[in-house]
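K.L.:
Residue numbers for the sequence shown, in the UniProt record's numbering: 1 to 99.
In case anyone wonders, no lab produced these hints; they're calculated from the structure.
Be careful, since some hints might not be right.
[To be verified] If you anchor each label on the Cβ, the simulated ranges turn out as follows: (1) Asp42 with Gly5: 17 to 23 angstroms; (2) Pro21 with Ala71: 17 to 23 angstroms; (3) Gly22 with Ala86: 17 to 23 angstroms; (4) Ala87 with Ala49: 24 to 30 angstroms.
[What the hints assert, rightly or not] Simulated crosslink set (DMTMM-like; lysine to aspartate or glutamate; CA at most 25 angstroms straight-line): (5) Lys97 with Glu67; (6) Lys88 with Glu67; (7) Lys88 with Asp43; (8) Lys77 with Glu94; (9) Lys77 with Asp43; (10) Lys77 with Asp59.
Quick reminder that beta carbons are idealized off the backbone N, C-alpha and C, glycines included.
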Amino acid sequence: MANGGPPASFAQCSACHSPQPGKSIIGPTLAGVYGANAGHIDDFAYSTAMRESGLTWDDETLSRYLENPAATVPGTKMSYSGMRDAAKRAELIEYLKTL
1 MANGGPPASF
11 AQCSACHSPQ
21 PGKSIIGPTL
31 AGVYGANAGH
41 IDDFAYSTAM
51 RESGLTWDDE
61 TLSRYLENPA
71 ATVPGTKMSY
81 SGMRDAAKRA
91 ELIEYLKTL
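Based on the provided sequences and hints, a complete structural model is requested.
P.N.:
Have a look at this one:
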């Protein structure tokens, strides 16, 4: 991420998520996700579990969710098993803060 671009780990995210505002793919856009409430995009079909999770995306909640989405929000639609490497999660979260 030294060049200011996304970390290598974002390649996996970008298969389903766009970094561009207003552009959802399979998953919702990640633009503006940091500091937002989970399930915050009105016209995206989140799971009921995500909409009702009460989470606000900060360092701690994003790290937990990225490590194990299904354990953090049981019933989430995100079919990703998780990122176990804490350093990669931290790097990804720093990137998400820029979107």
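K.L.:
For a quick check of understanding: which of the numbered hints are violated here, in increasing order?
P.N.:
1, 2, 3, 7
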